[in-house]
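Number of protein chains: 2
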Amino acid sequence: SAWTEEFPGRVHFLGHISDRARLADLYANAVLRMWSDDELDRYRRHLEVMVKERTLDLQRINERLQREIGEREGKERELKETMERLRALSAGLQHAREEERRRIAMDVHDRLGQALTGLKINLSLLGRKVAGDAESVERLQSMSDLIDETIRAVREISSDLRPGVLDDLGLVAALDWQLKEFQDMAGINCSLHARLDDDSMDAGLRTALFRIAQEALTNVARHSGATHVEVRLAGDENYLLLEVMDNGRGIREEEIASRGSLGILGMKERAREFGGELEIRGGDGEGTVLAVKVPFNRAGARE
Amino acid sequence: SAWTEEFPGRVHFLGHISDRARLADLYANAVLRMWSDDELDRYRRHLEVMVKERTLDLQRINERLQREIGEREGKERELKETMERLRALSAGLQHAREEERRRIAMDVHDRLGQALTGLKINLSLLGRKVAGDAESVERLQSMSDLIDETIRAVREISSDLRPGVLDDLGLVAALDWQLKEFQDMAGINCSLHARLDDDSMDAGLRTALFRIAQEALTNVARHSGATHVEVRLAGDENYLLLEVMDNGRGIREEEIASRGSLGILGMKERAREFGGELEIRGGDGEGTVLAVKVPFNRAGARE
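Listed in order, the protein sequences are those of chains D and H. Residue numbering for the first sequence follows the numbering used here, beginning at 1 and increasing consecutively. Residue numbering for the second sequence follows the numbering used here, beginning at 1 and increasing consecutively.
Just chain D, same shape as in the assembly (with noise of 0.2 Å):
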C-alpha cells in the first residue's frame, strides 16, 4: 500500500537490490539518518534555543530602549522646564532692571531736579537782596553755577538710566541722542540711517533695541579699534532690522561662540523675547556687523 508508491530522496533505491541487502542499506541508512537527527535534533534544539534567547535579548533590549526612550523624553521635559524658566528669570530680571532703571531716573529727576529748581528761583530772588554787595553777588553767582552743574548731573544721570527721549520721541531720536552722547565718550565717528516710522511700535521692543544698540555701541568701543560706526534701522510691515556695523578688526568666530560672551547672549535673548534673530558677523579687518531682525506686527504693536 503506502510503501508500493513511488517516494523521492534517500528511499528511491528501494526497488533495484535484493531484501536482504536493502535491509542492510534501510538500516544503515536510519542509522547515519538516526546520526543525523541526532545531530538535526542538537540542531534543531540549539536553534529553539537561539530563538528563545534571540527573543528574551530582544526583549530585553526593546524594554531598555523603552526605559531609554522614557528618560530620554523625561529628560528633555526636565531641562526644557528649566531652561524656559531660566529664559523666563533672564527676560525677568532684564525687565526688572529695566523698571528699575526708569524708577530711579524719574526719582531722581523729579525729587532731585524739583528740588534743584527750586533753589535756582530762590537764589534768583536772594539776588536781587543783596545786589549791592559784591562778595555776596560772586556767592551767590558760585552757588547758581553749582546748582547748574548739579542740575546737569541729575539729568545726565537719569538720561544714563533711562533716556527720556526714549519714551518721549521713541526709538530714531533715542538713537540719535545715544550716538552723539558715544561719538563725544568714544571719539568714534558714528552715522544714523532710519527709514522707519517707529510710532506705533510696541514700548518693550523699543526699549530691547535700544538697549541692544547700546550694548553693540559698547562692544564697539571695547573691542573692534574702529574709527567709523553705523546704526541702520529699517522696517516694512513684516520685519524690522536694526544693524550696527563698524570698520574695526572684526569678530571671530570663537568669540561669537566662547561661553564668557555674556553680553551677546543677552542681546539675543533680548530678540528672542520679540520672536527676533541676532546675527553677528565679522570678517578679520572687515569690520564687525550686528544685525537684529524682528518679525513687525504693526496690529499688534498697536495693541
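Be aware that a few hints might be false.
Note that identical chains are pooled: a pair holds if it fits in a single copy or bridges any two copies.
Claimed, not checked - DMTMM-like cross-link-like pairs, simulated, lysine to aspartate or glutamate; straight-line CA separation at most 25 Å:
(1) LYS268 x GLU98
(2) LYS52 x ASP41
(3) LYS120 x ASP148
(4) LYS293 x GLU243
(5) LYS75 x GLU253
(6) LYS293 x GLU73
(7) LYS80 x GLU68
(8) LYS180 x ASP133
(9) LYS268 x ASP160
(10) LYS75 x GLU63
(11) LYS75 x GLU279
(12) LYS180 x GLU243
(13) LYS293 x GLU254
(14) LYS75 x GLU149
(15) LYS75 x GLU255
(16) LYS180 x ASP199
(17) LYS52 x GLU39
(18) LYS75 x GLU254
(19) LYS180 x GLU48
In short, the hints are calculated from the structure, not lab data. Fair warning: this is a prediction, and the values are worked out from it, not measured in the lab.
Since chain D is already given, all that's left is putting chain H on it; use the hints.
Just chain H, lined up with the frame of chain D:
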C-alpha cells in the same frame, strides 16, 4: 558490522520480526519519518528563519538603541550647555545690575551729595551777610531746609540702590537697617537674630544674602498677610544659614512650584551661585519659612 550492534531508539525492534515484515516496517517507519522529517525540516527552516529574523531585529533595534542613546546624549549636552549659558546670563545680569546699582548709588551720592553740601556751606556764609534782613534770612532758611530735604532724598535714593552700610559695616548691620526701613514702610513688626561674625564673608555672598532677604521681605509684604517677621542669621565654620520667618497665611506648594515664581527662582539662582540651597516651607496658616543654607568656606571667603 555496523548494523549488528545494539542501537537505541526507534530501530531496536529489528531482531524480532521477519525480514519482509522488518523491511515493510522499516520502510513505513522511513516514510513516516520522512514525513516527519519534512515537517522537522520545515520547522528547522522556520527556526533558522526565525533566528535570522530575530538576529536582524536585534541588530536593527540595537542600532536604534545606539542612535537613541547618541541622540539623547547629544540633546542632553546641548540643553545642558544652553542651560549653563542661561544660568551664566542670569548670574551675569544680577551682577551687572548690582554693579549698576553701586555705580549709580555712588554717582548720586558723590556728585549730588557733594554739590548739595557745597551749597549748604555757601548758604551759611551768605547768612552772615544778610543777617539784618528778615526776608532774606527767612529765604535762606527755606533754602537750607530744601537742601536738607534734597540731601535726604539723595541718601534715600542711593541707599535704596545699594545700602552703603552693607559695604561699610557688613551684612548684619545692613539687615538691621533694612528691617527698620521695612517695619516703617510695611507696618510689619520685625526682629533680627544674628549669631554670626560676618567680617570674613565674601562681598558677593554678602550682597546675595542681603538681596535674598530683601526679596523675601517683599514677598512677606505682598502675599503673607503677616504681622510679624523674624530674620535669623547663623553660621559655624561649615555652613551659613539665613532664615526669614513670618506668621502669615503660609505659602502653598503650587505657589512655590509655579512657573511665575521668578522671584523664588531668582533667589534660588543667587544661592546656587555660592553652592547654596534655598528652601521654602509654609503650612496653611502656619506662616512661611524661607531658609538659605550656604557652605561657608572661611578660608575661601578671606581670599
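Hint check:
Taking the closest pair of Cα atoms, LYS268 and GLU98 come within 25 Å of each other both inside a single copy (17 Å) and across two copies (21 Å). Taking CA atoms no more than 25 Å apart as the test, LYS52 paired with ASP41 passes in both settings, with 16 Å inside one copy and 19 Å between copies. In this homomeric assembly, LYS120 and ASP148 come within 25 Å of each other (Cα to Cα) both inside a single copy, at 8 Å, and across copies, at 15 Å. In this assembly of identical chains, LYS293 and GLU243 lie within 25 Å of each other by CA distance solely inside one copy; the values are 9 Å within and 46 Å between copies.
Only between protomers do LYS75 and GLU253 lie at most 25 Å apart by alpha-carbon distance; the minimum there is 23 Å, versus 30 Å within a single protomer. For the identical chains of this complex, LYS293 and GLU73 are neighbours neither inside a copy (32 Å) nor across copies (32 Å), given an alpha-carbon limit of 25 Å. Taking the shortest Cα distances, LYS80 and GLU68 sit within 25 Å of each other both inside one copy (18 Å) and across copies (18 Å). In this assembly of identical chains, LYS180 and ASP133 lie within 25 Å of each other by CA distance neither inside one copy nor across copies; the values are 43 Å within and 48 Å between.
Taking the closest pair of Cα atoms, LYS268 and ASP160 come within 25 Å of each other only inside a single copy of the chain (22 Å); across copies the shortest separation is 30 Å, beyond that limit. In this assembly of identical chains, LYS75 and GLU63 lie within 25 Å of each other by CA distance both inside one copy and across copies; the values are 18 Å within and 21 Å between. For the identical chains of this complex, LYS75 and GLU279 are inter-copy neighbours only, at 23 Å across copies versus 30 Å inside a copy, given an alpha-carbon limit of 25 Å. For the homomeric pair LYS180 and GLU243, the shortest alpha-carbon distance inside one copy (17 Å) is at most 25 Å, but the shortest distance between copies (49 Å) is not.
Proximity of LYS293 and GLU254 under a CA criterion of 25 Å is satisfied intra-copy only: 23 Å inside one chain copy versus 38 Å between copies. In this homomeric assembly, LYS75 and GLU149 never come within 25 Å of each other (Cα to Cα): the closest approach is 59 Å inside a single copy and 57 Å across copies. Proximity of LYS75 to GLU255 under the C-alpha cut-off of 25 Å is restricted to the inter-copy arrangement: shortest distance 24 Å between copies versus 30 Å within a copy. For a Cα distance limit of 25 Å, the shortest separation of LYS180 from ASP199 inside one copy, 22 Å, qualifies, whereas the shortest one across copies, 45 Å, does not.
Proximity of LYS52 and GLU39 under a CA criterion of 25 Å is satisfied in both settings, with 19 Å inside one chain copy and 20 Å between copies. For a Cα distance limit of 25 Å, the shortest separation of LYS75 from GLU254 across copies, 22 Å, qualifies, whereas the shortest one inside one copy, 29 Å, does not. Taking the closest pair of Cα atoms, LYS180 and GLU48 never come within 25 Å of each other, the shortest separation being 86 Å inside a single copy and 83 Å across copies.
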